[in-house]
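Asks: Given the coordinates of chain X, assemble chain W onto it according to the supplied hints.
Keeping their order, the protein sequence lines are chains X and W. Just so you know, we're using the UniProt record's numbering here: the first sequence kicks off at 1 and counts up by one. Just so you know, we're using the UniProt record's numbering here: the second sequence kicks off at 1 and counts up by one.
Warning: the hint list may mix true and false statements.
Unchecked claim - Here are the simulated DSBU-like cross-link-like pairs (lysine-lysine), alpha carbons at most 35 Å apart as the crow flies:
1. X:K156 to W:K226
2. W:K226 to W:K163
3. W:K163 to X:K13
4. X:K13 to X:K156
5. W:K226 to W:K68
6. W:K129 to W:K68
Treat the hints as calculated values from the structure; they're not laboratory data.
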Amino acid sequence: MGALFDNLDVVAKAFGNTLWISVVAGILSFVWGVVLAAFRVSPVGPLRAFGTAYVNVIRNTPLTLVFIFFLAASPQLMGLVVPLGATMAIIAMTLYTSTFVCEAVRSGVNSVGVGQAEAARSVGLTFIQTLTHVIMPQAFRSVMPPLINVYVAHIKNTSVAAGFATTELVAIANRLANGNPGDVVGIFFGIGLAFLVLTVPLSVAAERLESRVAVAR
Amino acid sequence: MYTRTRMVALGAAAVLALAACSSGDGGEDEPEEVDPSAFAEGSTMAALADAGAITIGTKFDQPLFGLKPPSGDPEGFDVEIGKIIAAELGIPEDGIEWVETVSANREPYIEGGQVDIVVATYTINDERKEVISFAGPYYNAGQALMVMSDNEDIMGPDDLAGKNVCSVEGSTPAANIAENYPDAELSLFGAYTDCLEPLRNGQVDVVTTDNVILAGYVSESDEEFKVVGEPFTEEPYGIGLAREDTDFRMWINDVLEEIFEDGRWLEAWNETAGTVLPEPEVPTIDRYEIE
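Okay, chain X solo, but in the shape it has when bound (with noise of 0.2 Å):
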């Protein structure tokens, strides 16, 4: 593991992009999510149409996949250049991981009683009330941990983005591993470590969170 040590600053630098992409991501996938869980359950037709079929293409589609998207075709196909780097790996992070937070999301949202949303709608609410008043806090408590996994997921994710000029965590274990063919092993038992450095405090964080608003039911 020496050669992390020597190189201190660069590994510094490449877990703060890690950190910087998985927390920018993260949120925006959340924001995302949300929405496109709200269109999945919504009455309009148009909306449900368009997120289904939205979340059933780019979930199935590798990552990889949705990199190479922003890289080789989407400046072909509708003049979209996007900068190498943090940025494409945040839009193509996001573009991936809404998805799955949308159906963890939507799961909540089946878990909640149909009578809520029927008393909802009797005292006169709009749809958009019953989802953000009554539906969305009661569907929030149970997906917690669905949702958890989603994010470990994520975090983990971020390394696609080696391969796609982003210097990040896994691009610094092959140039450092290149340059140190001694120190290989080392080098990436550091880096696991580094991942877990950031994926184990958001089990804990979730873990305790969800003792304090879990549902008795």
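Replies: Chain W in isolation, oriented as in the chain X frame:
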């Protein structure tokens, strides 16, 4: 996507053309009768000539130098050099066994005896000389820059400040840019071919690696790309062989000097890499002593 199809088509055409060439002048390449007893007894040359067979390591994925088509024998400048050396030992083309040597396994294969010689865009350097030895050089390559053909801002490595430079994670050219041109922004992929689309799209300004690799891309790009400036590092390509076998090394050096003289070196060049790259100057053989 159409460009990729076109590249495949071009590649196929080149393979067909080369196949046609080699069958056409097959007669020329037949080695003259070589008497094994002409070589010093117990020498590697005598042993190889006696066996009538040689194992040569080369790259299988390096256009113009060593490229193995899906079916058939590898082709390129390195391969032609290997064939000439074999012919000088009286070994015909079908007595040569080609083994793929990627960058990482060249020294181990020579040390372990899996190959007799390695001709594989193999840069002569001091670290490698500690475990194997080199005949040659038979060609001097160097790191160069490739840009879009309409790019007028970049003429050489000194224009790289603030430009986005594409190369491969962990490669010598990338390390050279990071060290000597720190104002350039590096974008590093897993393979040089990954740099081509970003160059077309303008996501990167320059692609850098050895000039011989870039020449392959330029030739396939339909004048979309160009190589700018002179190579700015020196990568003398040598023939790798067992470290202690000085007799064999000096004999190969003699062969190289002979083919520099009699035109076979230039002929091999013109048939392969010379279709794209300019005619190189005749290199000076480095007959160094090992400690």
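Asks: Now look at each hint and say whether the structure bears it out.
Replies: Do the hints match the structure? See the list:
As the CA atoms of K156 of chain X and K226 of chain W are separated by approximately 39 Å, the hinted pair breaks the 35 Å bound. Taking the CA atoms of K226 of chain W and K163 of chain W, the gap is near 17 Å; set against the 35 Å cutoff, the hint holds. A C-alpha spacing of about 21 Å is found between K163 of chain W and K13 of chain X, which places the hinted pair at or below 35 Å, so the restraint holds. Of the pairs offered as hints, the one joining K13 of chain X and K156 of chain X holds, with about 17 Å between alpha carbons and a cut-off of 35 Å not exceeded.
This hinted pair checks out: K226 of chain W and K68 of chain W have alpha carbons roughly 25 Å apart, not beyond 35 Å. Distance check on the hinted pair: K129 of chain W and K68 of chain W sit about 28 Å apart at the alpha-carbon level, within 35 Å; holds.
Hint 1 from the list above is the single one not met by this structure.
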